[in-house]
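Student: Each chain, letter by letter, is given below.
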Amino acid sequence: MTKRSDIERVLDLWLDDGPTHVPDRVFDEAVAAVYRAPQRSPWRLRWRNLTVNTRLLAASIAVLAVVAVVGVGLYALRPTDNTATTPTPTPTVTPEVTSAPTSSACQPSEPGCRGALASGIHFSDQLVTPLRYSVPEGWRKELDVPGALNLVANGTTPETFIAVWPDWQIMSQSDCANRPEEGLGRGVSDLVTFLVDHPGLVASPPEAVVLGGLPGIVLDIRRDEAWTGPCPNAVNLFTHQGTINDIGWQDVSGSRVNRLWLLDGPDGHVTNVAIEAPNDEAFDAFAEIATPVIESIVFTDKSSCVDGSPCIGRLLPGAHRTWSPFSQPFAYVVPDGWKNIFNTAHGYVVQPADETQKGGGRGIYVFLDLQASNQAACTRSSQPGVGRTREDLVAWLTSLPDLSISDPVNVEVGGLSGVTYDLRALGSGPVCGSGDYMLWFADDPNFWWGMTPGNPERHFVLDRPDGGTVFIIVTAPEADFDGFVEAAMPIVESFAFSS
Amino acid sequence: MERDLVEAAQRGDREAYVDLIRSRADHLYALTHRILRDVDRAEDAFQDALVIAWRDLAALRDPDRLDAWLRRLFVNVCLEHATRERRRIANLRVLPADGPAAPDELHGIADRDQLERGFRRLPPEQRAILVLHHYVGYAPSEIAELLGIPDGTARSRLHNAHRAMRAALDADARAELVRGRPA
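So the protein sequences, as listed, match chains H and F.
Taken in order, the first sequence gives residues 1 to 499; the numbers are from my numbering.
Taken in order, the second sequence gives residues 500 to 682; the numbers are from my numbering.
Just chain H, with the same shape it has in the complex:
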C-alpha cells in the first residue's frame, strides 16, 4: 500500500468537509427548469453550429409573392401566460453549454458587436427602438439595423429566429406592394384587428401583455391553407417607414408559425417582437429557448440617463453588470424597482426607479479614483497635499470640520478590501460652492460629487487591485436614510468586481 503524502492526507480531510446535501430550493428550481425544458432527440444532438439564414430583404421584397386564402382553420394558441412577467435571473438552459465559450464572441454590453454572443446582457446597436436583452451561450445576433434585429440560436432549424421590427405596419394587400395598407391605422389595436379579421390568416385569441416596459398584445398567426387571395406566396405583413430603409416581411408562407408581441412604442408606432419558425415542431422547440430571451427584453429609456452618459434605464430584477468604458467592471444583482442612470469611465450609478433627481438624490454611486477637491477654491482642482490612496482620502475626510464620521470599519466588498463609515454634515456643513459641500471629484469631465447637508452618506472606500480607489456611496435624505440603506445594502453586497 502506498503511503499517502501529507498533501494527500490534508486533501482527503479537507475535501471531505463541506456541504453534503443539496438545498431544497436549489433542487426544486432545477426540477422546475427540467419541466420547462424540451428533451433533445438523438438526431438533434448532431445539429451544431448550424448557420441560419436571416432575411434582410430590401432586394428580395420585389419578388415576394403571396398566397391568398379563404376559409377558417383552427390554430391552437400556445401558452403565453408568462409573457408579461419579469424574467427569471437564474441561468437558463444553454443550447451548446458543454462547448467552451467562443473567445471571439460578443461580450456582454459590448456595443456594436454582431455574430456569436457571450452569455449575458447585450444591447441593440442601430435599432431605432433601442433595447437590451439577455442570452445564454449559443445565440447569435445576425442582424442589427435601424429597421430590424434578428437573433438566432445555434442548432435550431433554419429560418427560425427572433425578430424585432420597429414601426411595424401592414403591407398593401391589394397588390402586395411595398407601401402601407391604405386606410389602416398604425396602433396596436388597428393591427391586431386586421390580423384577426384577415380571411387568409388563422390567429389565436389576442392577449394583453407588457413586454420590456411596453404594453401590447401577443398572438400567434399562420396562413390559412385554403387562402387563395391576390398575393400568391404569403400574406404580406411588413415594416416600412420613410426613415428606415431596411425592409423586412413577416413571412406567413407555407406552414410558418409566427408569435407576435405587438407593442405600443413611446413614439406612437408599433414595435413587433416576433418568434418565427417554419412549422409547428420547430416553433415549439424554439419557443422554449426563445421565450426567456424575449422576456428579458427591456426597451431602454434614454430619458433616464444623466446627460452625456449612456445608461440602461429601468433594470429588470436579476443580475447586471457595468460595461465599457467603466474601468473597474463589476456585476451586481437588483430586485425590481431600480434603474441605472450613469455609466462613464469613472462613475456608475443605480437609483430607485422612482427617483427623479438625475445628478443626486437617493442612490448607489460608484466612483473610481476620486480625488479630494480644493476646499478653498471650491473647484475641481485637487486639494494640495492630499494623496489619492484610500488612507490619504479617508484621513483627509476625517480632518474636515463640521462633518460627523463614524469609525471606519474594515470590509470586503465584491472581492476588494477597504473600509466603511457613515458621514453626516453637522448643521449646515462647511458649505462651499453653490450650496453643496464639494467633497470629491475625479478625472472625468462628466461629474463631480458634492455632499449636501441633510443627506447622510455611507461610504465604502476600497482599494483597486492595480492602484486607485473605488468609492461606493449610498445616500438618501436623512428621513429616508436608514430605510434606504437597508434596501440598498443587498445590492452592494451582491457586487462582484472582476479580477
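Possibly wrong hints are sitting among the right ones.
Counterexamples of contact, computed for chain F against chain H with all Cβ distances above 10 angstroms [unchecked claim]:
| no. | residue |
| --- | --- |
| 1 | Asp-561 |
| 2 | Gly-647 |
| 3 | Gly-651 |
Ranges of calculated distance between the beta carbons of each label pair, as one might list FRET restraints [unchecked claim]:
| no. | chain 1 | residue 1 | chain 2 | residue 2 | range |
| --- | --- | --- | --- | --- | --- |
| 4 | F | Gly-647 | H | Arg-464 | 38 to 46 angstroms |
| 5 | F | Met-500 | H | Ser-327 | 53 to 61 angstroms |
| 6 | H | Pro-19 | F | Asp-566 | 30 to 38 angstroms |
| 7 | F | Ile-648 | H | Asp-422 | 49 to 57 angstroms |
| 8 | F | Glu-615 | H | Gly-387 | 52 to 60 angstroms |
| 9 | H | Arg-179 | F | Arg-571 | 54 to 62 angstroms |
Because the hints were derived from the structure by calculation, they are not lab data.
If you're wondering where the values come from, they're calculated on a predicted model, not measured in any experiment.
Positions of the beta carbon are idealized from the N, C-alpha and C atoms, including for glycine.
Use these hints to put chain F onto chain H, whose structure you have.
Tutor: Same frame as chain H, now just chain F:
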C-alpha cells in the same frame, strides 16, 4: 427497475428523470460545490447540469452507465462555469479584528483558509481531478475512464495537481510571512 426508469426518462418521462436524480442530487451537488468552491456558482452549475442531463439523456447509450455519465457531465459543466466570470456573489463581510479562528486538526500543514486560497489558484481541471480522487474516491484509472483520457495522463495530471496544490500552499505561506496577520 432503475434501468426501466432511465429508459422511461429517455423517452421523455420527466417524473422518471426526477426520481432518478433525487437519489443522486446530494452527491452531485457536493461534487459540484467542491470543484467550484462557491455556493452561487455551485448552485448555478448544479441546476444547469440537471437540465442539460435531461435534454441530452437520449445520448446515453447504456442506461447502466448513468452514474458515470452524470458525473462526467457535471464535471464538464463545472469546468465550463469555472471559466465564466463570477456572475453574482454576496460577499460583503466585516473582517475579523482578532485574526483567524483557532487551528484545527489540519494545523501544522495548512489552515483552512490557506487550503481554500491554494485550491482556488489551481486551474479548474486540476481541481476536478483532485475532487474526483480525494472526495469521490476514484483511482487514476477511473478518472481516466470518466474523463476519456489515457490512464497515464490521468496519473500525471493527478501528480501535477498535487504538486500545484503544494506549491500554492507554499506560495501562500511565504506571502503570509511578508504580509503579516491582519490587525
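Student: Against which earlier hints does the structure fall short, listed by number upward?
Tutor: 6, 8
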